[in-house]
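Q: Go by the hints and put chains B and C onto chain A.
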Amino acid sequence: MSCELKLKERIGTINPIFTCQPAGAQYASIGIKDCIGIVHGGQGCVMFVRLLISQHLKESFEIASSSVHEDGAVFGALNRVEEAVDVLLMRYPHVKVIPIITTCSTEVIGDDVDGVVTKLEEELLQVKYPDREVHLIPIHTPSFVGSMVSGYDVAVRDFVKYFAKKDKPSFKINLITGWVNPGDVTELKSLLAAMEIEANVLFEIESFDSPLMPDKSAVSHGSTTIEDLISTADAQGTIALNRYEGGKAAKFLEKRWDVPAIIGPTPIGIRNTDTFLQNLKTMTGKPIPDSLVRERGIAIDAITDLTHMFLADKKVAIFGNPDLVIGLAEFCLDLEMKPVLLLLGDENAEYENDPRIKALQEGVDFDMEIIANADLWELEDRIKNKGLELDLILGHSKGRFVAIDNMIPMVRVGFPTYDRAGLYRYPVVGYKGATWLAEQMANALFTDMEYKKNKEWILNVW
Amino acid sequence: MEDVTKTRVEQLIDYIMKNCLWQFHSRNWDRKRQNENIIGMTTRLLCGEPVKPETPEDKCYWVDAVCLAEAYRARHPWLATLGVDQIRELMAKLHEQLDYQTITASLNEELTDQHY
Amino acid sequence: MPYHEFECSKCIPERKQHAVVKAPGEDLTSCLPKGYLNTIPGSISERGCAYCGAKHVIGTPMKDVIHLSHGPIGCTYDTWQTKRYISDNGNFQLKYTFASDVREKHIVFGAEKLLKQNILEAFAQFPEIKRMTIYQTCATALIGDDINAIAEEVMEELPDVDIFICNSPGFAGPSQSGGHHKINIAWINQKVGTVEPEITSDYVINYVGEYNIQGDQEVMQDFFKRMGIQVLSTFTGNGRYDDLRGMHKAHLNVLECARSAEYICNELRVRYGIPRLDIDGFGFEPLSQSLRKVAMFFGIEERAEAIIAEETARWKPELDWYKERLKGKKVCLWPGGSKLWHWAHVIEAEMGVKVVSVYTKFGHQGDMEKGVARCSEDTLAIDDPNELEGLEALEMLKPDIIFTGKRPGEVAKKVGVPYLNAHAYHNGPYKGYEGWVRFARDIYNAIYSPIHQLAELDISRDPIPTDKGFATQRMLSDASLPEDIRTSTTLRQYSGAYDTISPLRDKTYPTFDSRSAAAE
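Chains as they are written, first to last, in full-length UniProt numbering: chain A, 1 to 462; chain B, 1 to 116; chain C, 1 to 520.
Here chain A stands alone, though its shape is the one from the complex (with noise of 0.2 Å):
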């Protein structure tokens, strides 16, 4: 009976968990209005981002490339950040955010995007758009330091550290939500409806599930504003529900405009989604509703068909981002699982700290692994060669062959999940997402019951 937490101890990596910080960053600049980044180094960096967001989300997002060429890589490519610039607001004239995301190689070769901006906001920006709202934001993200979790969170705490500024307090919350889904946010959204509190969310990404209008307008991106950034100083608090993605933001808002900043738990599950609750009313001092009692009561009730009946004590294994996987664990754990296996994409040296960690560490009653820096091999070993056995596996798409050809099923949760339809749409946070859980997980564990032919007559009577 033990839980422990362990780095993978090959030194490299088959079947990458994560792609690179490069790739958060871009993630976080389509959630806000107006924006359109430029990631600086070769032009796959985006390329094949802009098609992994497009396979997820089934939607396309305009992200620009600073494009590097050879004579670049040798001689600096500073001249195509600055005509990338130029280039971007000529052609996109509702342009005010223009993030740049600088990746490995003009990272290596010491490409001084800090200073160029300076030089454009004192050039071209004076000189050809005066009369143009512009902001220009370096975002440091080397490929070769963490991953697309920190990414993430680095570029999200750049956003709010270049626009955050106090002007009058205000009674709204800033919710940075992490690296979630459209369907996330609406959820979201709802529980602070509910509760009657205004928030500024960061990112407010509902709209990437974008329609087909039959005027064809419709086209998909956030619809976080930069009033809506600047505004984040103002407000009486933070909740960041990831402590990895969104984590750095809240503190950055604490130290520099004293904010106060509650970071975690994420909300995955009836538990986590009630402390939630409990944060979000020791901030504001709102009540929580008999609606969200009766909401609450409708999760409760979905799964208490399902939990002793049909997931107590199935063997799980989650991989992804670090705040879903632990969320995703605990949930389990609710749910009388057994999650053996947690994968973590990267080396982070703060999850040694983490308290969810500890608390796993002190509390479970079986075998359980923590890999940090794991990938998907650390997965598929240890079904195929060192006899793990699983009854599910939870985490995104790139993993899917573990599965299929280990015949395990799986839900698919996390980034991507582009062999499943419309997972975006559905949340895993909040009362709803712990319903939708727990249901994807009985199903899929119906389904593979009957295509093995394994005890399926047991649904006969339910």
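Think of the hints as simulated: they come from the structure by calculation, not from any bench. Take these hints with a grain of salt, some might be off.
[Said to hold, decoys possible] Listed next, the stretches of chain C that the computed footprint assigns to chain B, with coverage defined by at least 3 CB atoms under 8 Å from CB atoms of chain B:
#1 18-29
#2 136-149
#3 255-263
#4 266-276
[Stated by the list, open to error] Here are the computed distance ranges between Cβ atoms for each label pair:
#5 C:Leu476 - A:Lys384: 44 to 52 Å
#6 C:Asp506 - A:Asp301: 38 to 46 Å
#7 A:Asn353 - C:Gly110: 26 to 34 Å
#8 C:Asp506 - A:Asn385: 27 to 35 Å
#9 B:Asp14 - A:Glu122: 57 to 65 Å
#10 C:Ile129 - A:Ser190: 46 to 54 Å
#11 C:Gly273 - B:Glu89: 31 to 39 Å
#12 C:Arg474 - A:Thr304: 48 to 56 Å
#13 B:Glu10 - C:Ser495: 36 to 44 Å
Here a beta-carbon is modelled for each residue, glycine too, at the ideal position from N, C-alpha and C.
A: Leaving out everything else, chains B and C in the frame of chain A:
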């Protein structure tokens, strides 16, 4: 060129452009070699002269030439009305025009690159 | 020059030379866009990088190889599971990807030791795989790691393994095409001639520039095998590493995608005297011509003719069913490179559609020469298009369908244009006779989906037709067809299976007497 010859050359070129790939090898010298050999062999085939490819390289030209000659015969009944000299003359003009379009007046700036 | 200037690109005047309209009377001496030039920064071009051109497009389809990228994890992750190049060995190349996971400390102190540990570790984890390709990335190119030296060291320590090095960092060229070039040349320089292959036929080819998208290679290989031709290697779809080391022993290089693989064919010609035969595997007539040419090269025409006759009889009535219903439909043919010329003429000739625009993301002027030559008058040809130009072209041309990649397909969706995946296909394979019918079927299903009709309706303003509970593709496609075609008993819809590739893998082939044996 007389109008009728011009029209006929255009028709023959159009078939190559729409259906063949051999005229678009990577470099000037390759295109020259391809055009010369394939048009040369096609001309001989159309004139009823024997073509016996020996080397692999010649065989490769020959298969394209045979297919081209067959397509021309099938599509352009007027070919059957021409004498051998007229065919030679027509094909020489075709060759000239093909070289012009794909080599000498080509706008493809990579044709003169010395490396593949 | 009949350049086309996009409104949205007037402020970047150099773009003007990248688009042309093939007006009446124009030919290649007056009508060809610029190509393969550095991208304009910030233009939101669709291009990728030279690393992906090497690793993702050409390297990875090799099926029995550990594909290790020396760099941070992102390059590896991003170029993994976004293609449909299958293989007959359980798709190892699709499922597994390896990154040396370069971190900040390695950038400072070098990553060679890290690389060596990675190589040893990867071979240890997959002991049945003895071949590896190592791809350089931007980061490791810039810090100057000597990958060759490390690979040599490992090959000395592990005599049964072989390692190929591909130095094609992301910045090496204007687009992914730079990587196609680099890996072609690297392969012939490092690996061709290092294995003497077993020759099992009098007729031996390399099948080059074919990536087995949804099984294309296996379809073509089936034709070759039915003719008794040995496909010594395929570069690279479904290809074996050691087979590709023996490329020098083929009699003929049959070249499909000249964009990505003409370089190695040219070098094989110069160095080993193997001729290059460019073919089209798409479309009944071009494919028939191609099979005929390969067979003629070996003097076995009758074997090709038998296949052509059989396949045409089986599938032509199905192709023609779709042709009747696709006539005049406007297509934007917007692929990456080679399909703009593989498809431009033949989809007009055999499916009756009208190509109103061609573009190439990463092609060269050579591709545009072929594309412009093959498309008909008034077609708009665009090199390295960007987001706004694409939208402007869609607005101007109002196509019925667009053949492009996944993400640009999402852009088209929003303006009401259905998309069909030109790179990965919808329900391929699209090569071969049956494959060509599958392509026509996919186009038909895309264009005549009842959802497009519903998408047009503005329920707040338009009269809502309340008399119908449903529509079918047939109702939409056959509404204006002549009676005899609508009720034809010779034409028929596609009748093949969902998976046409798996059965090929268990197929047995006729044996032919060898020429030398026959002569004895």
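Q: None of the hints should be skipped; say for each whether it holds.
A: Against the structure, the hints:
Coverage of the stretch 18-29 of chain C by chain B holds in this model, with 3 residues showing a Cβ closer than 8 Å to a Cβ of that chain against a need of three. Judged by the Cβ-Cβ criterion of 8 Å, the stretch 136-149 of chain C is not covered by chain B as claimed, because only 0 of its residues qualify and three are needed. Taking a C-beta to C-beta cut-off of 8 Å, the stretch 255-263 of chain C contributes 3 residues in contact with chain B, enough for the three needed, and the coverage statement holds. Figure legend: the stretch 266-276 of chain C, annotated as covered by chain B; annotation consistent (7 residues with Cβ-Cβ distances under 8 Å, at least 3 required).
The given range of 44 to 52 Å is respected by Leu476 (chain C) and Lys384 (chain A), whose C-beta atoms sit roughly 49 Å from each other. In this structure the supplied range 38 to 46 Å is violated for Asp506 (chain C) paired with Asp301 (chain A), their Cβ-Cβ distance being about 52 Å. Range check, Asn353 (chain A) to Gly110 (chain C): about 31 Å between beta-carbon atoms, so the 26 to 34 Å window is met. Take Asp506 (chain C) and Asn385 (chain A): their Cβ atoms lie about 29 Å apart, and the range 27 to 35 Å holds.
Remark: the range hint 57 to 65 Å for Asp14 (chain B) to Glu122 (chain A) is upheld by a beta-carbon distance near 58 Å. In this structure, Ile129 (chain C) and Ser190 (chain A) meet the distance hint of 46 to 54 Å, their C-beta atoms being roughly 50 Å apart. At roughly 34 Å, the beta-carbon separation of Gly273 (chain C) and Glu89 (chain B) lies within the given 31 to 39 Å, and the hint holds. Take Arg474 (chain C) and Thr304 (chain A): their Cβ atoms lie about 49 Å apart, and the range 48 to 56 Å holds.
About 41 Å separates the C-beta atoms of Glu10 (chain B) and Ser495 (chain C), a value consistent with the hinted range of 36 to 44 Å.
Hints 2 and 6 from the earlier list are contradicted by this structure; the remaining hints agree with it.
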